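Engineer: Below, each chain spelled out in residue letters.
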Amino acid sequence: MLTDWEKQRTERRTRLEAGSRYANGKLVASEKTKVLLETVIRPGDRICLEGDNQKQADFLAEVLASVDPSRIHDLHIVQSGIVLQAHLDLFERGIARKLDFSYSGPQGAALARALTAGKIELGAVHTYIELFARYFMDLTPHVALIVARQADRDGNLYTGPNTEDTPTIVEATAFKSGIVVAQVNEIVDKVPRVDIAGDQVDFVIRTEKPFYVEPLFTRDPASITENQILMAMMAIKGIYAEYGVKRLNHGIGFPTAAIELLLPTYGEQLGLKGKIATHWALNPHPSLIPAIESGWVQQIHSFGSEVGMDDYMSARSDVYFVGDDGSLRSNRLMCQTAGLYACDMFIGSTLQIDLEGNSSTFTSGRIAGFGGAPNMGSDAHGRRHPTPAWLKAGRESWDGDRKLMRGRKLVVQILETFGEKMAPNYVETLDSVAMAEKLKFDLVPVMIYGDDVSHIVTEEGIANLLLCRTSAEREQAIRGVAGFTDVGRGRDRKAVEALRRRGIIRRPEDLGIDPLAASRQLLAARSIKDLVTWSGGLYQAPSKFRNW
Amino acid sequence: MSNPVQPNEADWYEASARERIDGLLDPKSFVEFLGPEQRAVSPHLAQFDLTGAFDDGIVVGRGRLDGQEVFVAAQEGRFLGGAFGEVHGAKLVGILRAARDGANNDGPRAVLLLLDTGGVRLQEANAGELAISEIVDAVVKVRSAGIPILALVGGRAGAFGGGGIITACCSRIVVSEHARVSVSGPEVIEINKGVEEFDSRDRALVWRVCGARTRYLTGGADRYVKGSIRDFREAALALIRNAPSFDLVTLVAEQQRLMERLQRFGDCRDAPDIWRKMGLPEPERIAELDDDAFLAIRTKGADHDAR
Amino acid sequence: MTLDEVLAALFPAGHEVVRGPSGTLHGTGTVEGQGKITVVGIVGGTPLGVDGAILLSGHVLSVVKADQHEPIVVLIDTASQNMARRDELMGLNEYLAHLAKSLALAAANGHRTVSVLYGHAAAGALIATALSAQSLVALPGAEPSVMDLPSISRVTKLPLDQLKELSKSTPIFAPGIEPLFATGAVTEFWGRDQPFANRLAALLREPPLTSDQRDRTGLTRRGRLLARKIADQVAEEARAHA
Amino acid sequence: MEQFQVRGTTERRAGGNRDRAVIGVNASGNLEVLVERVLPDSECLVDVATAVTGFGRIWEAVIQEFLERTSPGGLKFSINDGGARPDTVTLRLLQSVRLMEDEA
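Protein chains in written order, with our numbering: chain A, 1 to 548; chain D, 1001 to 1307; chain B, 2001 to 2242; chain E, 3001 to 3104.
Worth flagging that the hints you see were computed from the coordinates, not collected in a lab.
There may be inaccurate statements among the hints.
Just so you have them, the derived chain E footprint on chain D, three or more residues with Cβ under 8 Å [to be verified]: (1) 1049 to 1055; (2) 1072 to 1083.
With a straight-line cut-off of 16 Å between C-alpha atoms, the simulated EDC-like cross-links for lysine to aspartate or glutamate are [unchecked claim]: (3) A:LYS544 to D:GLU1288; (4) B:LYS2065 to D:ASP1247; (5) D:LYS1028 to E:ASP3102; (6) D:LYS1277 to D:ASP1290; (7) D:LYS1277 to D:GLU1260; (8) B:LYS2157 to D:ASP1049; (9) E:LYS3076 to D:GLU1037; (10) A:LYS119 to A:ASP89; (11) A:LYS544 to D:ASP1199; (12) A:LYS544 to D:ASP1202; (13) A:LYS544 to D:GLU1187.
As the structure is a prediction and not an experimental result, all values here were calculated from the model.
Each residue gets a CB set at the ideal place from its N, CA and C atoms; glycine is no exception.
Chain A on its own, in the form it takes in the complex (with noise of 0.2 Å):
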């Protein structure tokens, strides 16, 4: 008998045969949208709706949403993001049944309910990188619904800054017969560059409305407080001056935006300029422009790109990577993967830490998903390059035979001891435990696994975990540092003022650092508005962000 190898390709020129009914070309019209996905897609379909940290297909979306569950059902949701209230709806039409996602942000809460009313059968919690990895081996979409700022009549797409995770998504989908569709804003005689190539794009649908990207890291300098500025200090000088930390990942809390705003000051003057935080894999966080702006940076790549920085990034090519259009080129699974082998260190803030140094952002009632930081925040065990910083971290942490000594990466909490209404960070146990067992998840949700983690950083000072040799030195180092939490009252001074002797745990006056000198005048910026002033107007800061 003989064995048929096309059978996906024949689904394919059947689905785009009864799509193209209704399509010019490529183009669709935007009222047809909903026929054509109602003809394209089928009941099981594996489905990319792209929805990345940033970008958002959001037309198509509230589209597919609105078809009809009779038709289309059981669709099996595989997307980075689920950020928009219609990415729910789906589920709670029961268009949608299985999810595999990565990172959920504003909807953790709704997220959560859904989980619990058995509206969603989850596959599993992601990082970006395992997620774009399984689309090559098991979970390859069979239709990509992506969006991208410009198309030409051949489908050739244009996506702006916000690159992000397109590339990838098509590569998975139209390289394994399945189809692409496209929403973008502007329908043009001739893309300014082609990011995704027309052949791979099957049909385009212009929309009347811009798609939706959020500024999700822009971080108002005017809300940095005295503590996370004291936090900074102690990071730049205890961590980055000595470990000569140049290549990094910074996540996106107010102690790092206060870091990135005391290197042309604080750094100044401690004579770091060049000697670190030189090469960075960054989103275009708009508190780094003084740094940037004073000479600090030397390239940046970035996994998306930021509302309001196109036009400061294009005329800072030397640092950005951009294209010769002369806009930002970002592309997440690159990023990620800069961010896993070429960083010396991730730095970043969380939600809780125990006193294994586990971290969770999963708080009760809230699935918020991974994102980068699990990637960002391990030691890749696949590296083979040195640098001073990742031998020096190997040296501190190494008890084996020095001739075969791997280096490490540096991984940074930095978190204040209490977060929102009193909530202590540092916690026996994380929340993630108990809501892995109500929700009866195999794997409990841990955003950094403490192994990976060197060092803690909070206002009462840093511990260091590479220094620490046993269950109980770590406990009382992570203790050391958690301030009149219950878990900091709960120390063994003696013990812990052992860990500072040891140098296991250093206070702000062990690192010569005066708490009171923690001062808002030390930011290179105080405001968006200076940090307009910096880029000298190219940076348009977003409107919610104003105070003038």
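Given chain A, put chains D, B and E in place with the hints provided.
Structural biologist: Positioned in the frame of chain A, the structure of chains D, B and E alone reads:
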């Protein structure tokens, strides 16, 4: 590139009420009246489960401005939005009455009001409202006695509600870019009239409607300064020298000025519409200019003696 | 009470009052012992915006200009200030301040100023009209307020019922004639059975106060216990440091 | 709202010769501290009014540590708190002691 944001230049917007006074007046010249150690705390807040402030959110006293005696009152915009309560308002009333009483003797050369307020404190709304009316009355009497009163606005709470009305009762008004001077707050308008009428989250719009640049260009403020405390000091020094008197001539001129504004711009919906009618270059860009470029715009709006 | 009833009751000897745009009115009324006095007003529940305010201040200033020193009665049945983006864009704060200043100037120039509240007045409109005359008379139906209780509840995050309960024990925040009377805002309240014309004539015969005594009144009426004391204390310290 | 006092005995008089100082603002997540030199040199006192209830034990620990660290003899601290976190409380207390050390 050198640091365009001066790290040691004290910023009005960032500063507390006390820091503003310290930077505004001659060093160590400030003497506070009814200071925090006297604990004139609002008795009305506890029933709302709120803790008070030892100065009830306003610092009043006297000091010197380039050697000249002045009275000063500064609202703390971060304590309950700088709102007027019973004690808070009465402290301002008291210092204004003292200024008037001293007019013929060794009274102050001027009174400086550092407004930073959302308006009436709702937990003591009636007392706050009445205090505002008493302040308006006292401002008029101080001005009638020949003592200029300057309003200095550039804090995070702006000058809303009665604070906006008091501002416009002063002899001269100084604003910096962050200032908003208005009666109804954008959120209040949005809640009452809908988001179509006023989208309070569109912050650029908020500043185009209530902000310093709009006020300055249409004559609602007399001086626009860059944001340092020193800039406010210099403006205050210059303005107390030539403040308008409070009399029929001034008010008739103000009547004329305000009528003309309505006639010229009454059908405008947004600030660029006004700026276009004024013949200003690139009206859409004015909100985006830096302070130096903005100050280079020559207009007639702010240049008047009718307040 | 309707406007016509109010006018008839205040001026039984006759009045000539015309309605203007934006809810304004102006004209004259005859009062025993005073002859013709000036009447201005904002009525019909009209919110006070830039257009109404500039008309009212215009009327007041032309009376001051005429230099006849006759009393000015301000009739009030408004709402709050006009909540509109356009009015704020025009600088409503200046228009309301200008109206308040015009009334203050009239008083300083020898015009006895009396506001008569017979309907609503709230927030900024209350300040610029009712509270800007030397005396405030409240008639039946007067509903002055700074902010309504639901709005206070929203801002203070206290449940409405709790606020209502609280307002029984203190006049410091609740809307209405009684609390505002207690705090010293309202000079006199005339009940329905009172002869308004006589009361007005009597009020106008009294010598005008040269200084603002509302905080003292609030103390006497036990509605505002601290304001006078605090203001006096500050003024005393100012004199001591002179 | 909650009010309480923490008393301490001290080894020495706090430095400087200012009679009083005030620092901070009672705002959300922040606090104001009024310091007065009104007690005998061997005593100190912290008087707290806080908008947030139920954290008395943490306050006690924060204040005890502060008193041990600075030994502010003769000083009375009065706090109006708007829900500040312990790190902010410690910072303001330290700042207030530093202010008292300034020349009068």
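Engineer: Take a quick look at whether LYS2065 of chain B and ASP1247 of chain D sit within 16 Å of each other, Cα to Cα.
Structural biologist: This hinted pair holds, its Cα atoms lying about 11 Å apart.
Engineer: Quick one, are LYS1277 of chain D and ASP1290 of chain D close enough, alpha carbons at most 16 Å?
Structural biologist: 22 Å, violated
Engineer: For the pair we were handed, LYS544 of chain A and GLU1187 of chain D, check the Cα-Cα distance against 16 Å.
Structural biologist: 14 Å, holds
Engineer: Taking 16 Å as the top limit, are the C-alpha atoms of LYS544 of chain A and ASP1199 of chain D close enough?
Structural biologist: With Cα atoms ~11 Å apart, LYS544 of chain A and ASP1199 of chain D stay inside 16 Å; holds.
Engineer: Is the hinted pair LYS544 of chain A and ASP1202 of chain D satisfied, with a Cα-Cα distance of at most 16 Å?
Structural biologist: Roughly 6 Å between the alpha carbons, so the hint for LYS544 of chain A and ASP1202 of chain D holds.
Engineer: Within a Cα-Cα threshold of 16 Å, do LYS1028 of chain D and ASP3102 of chain E meet the stated pairing?
Structural biologist: 13 Å, holds
Engineer: Has the given pair, LYS119 of chain A with ASP89 of chain A, been kept, meaning a C-alpha gap of at most 16 Å?
Structural biologist: Holds. LYS119 of chain A to ASP89 of chain A sits at ~10 Å (cutoff 16 Å).
Engineer: Under a C-beta cut-off of less than 8 Å, do 3 or more residues of the region 1049 to 1055 of chain D approach chain E closely enough to confirm the stated coverage?
Structural biologist: holds (count 7)
Engineer: Can you tell me if the region 1072 to 1083 of chain D counts as covered by chain E, using C-beta to C-beta distances under 8 Å and a minimum of three residues?
Structural biologist: Per the Cβ count (3), the hint holds.
Engineer: Is LYS3076 of chain E close enough to GLU1037 of chain D, meaning Cα to Cα at most 16 Å?
Structural biologist: 11 Å, holds
Engineer: Within a Cα-Cα threshold of 16 Å, do LYS2157 of chain B and ASP1049 of chain D meet the stated pairing?
Structural biologist: Holds - the C-alpha atoms of ASP1049 of chain D and LYS2157 of chain B are around 10 Å apart, at most 16 Å.
Engineer: Regarding the pair LYS544 of chain A and GLU1288 of chain D, is the alpha-carbon distance no greater than 16 Å?
Structural biologist: 15 Å, holds
Against the hints set out earlier in the document, a violation occurs for number 6 only.
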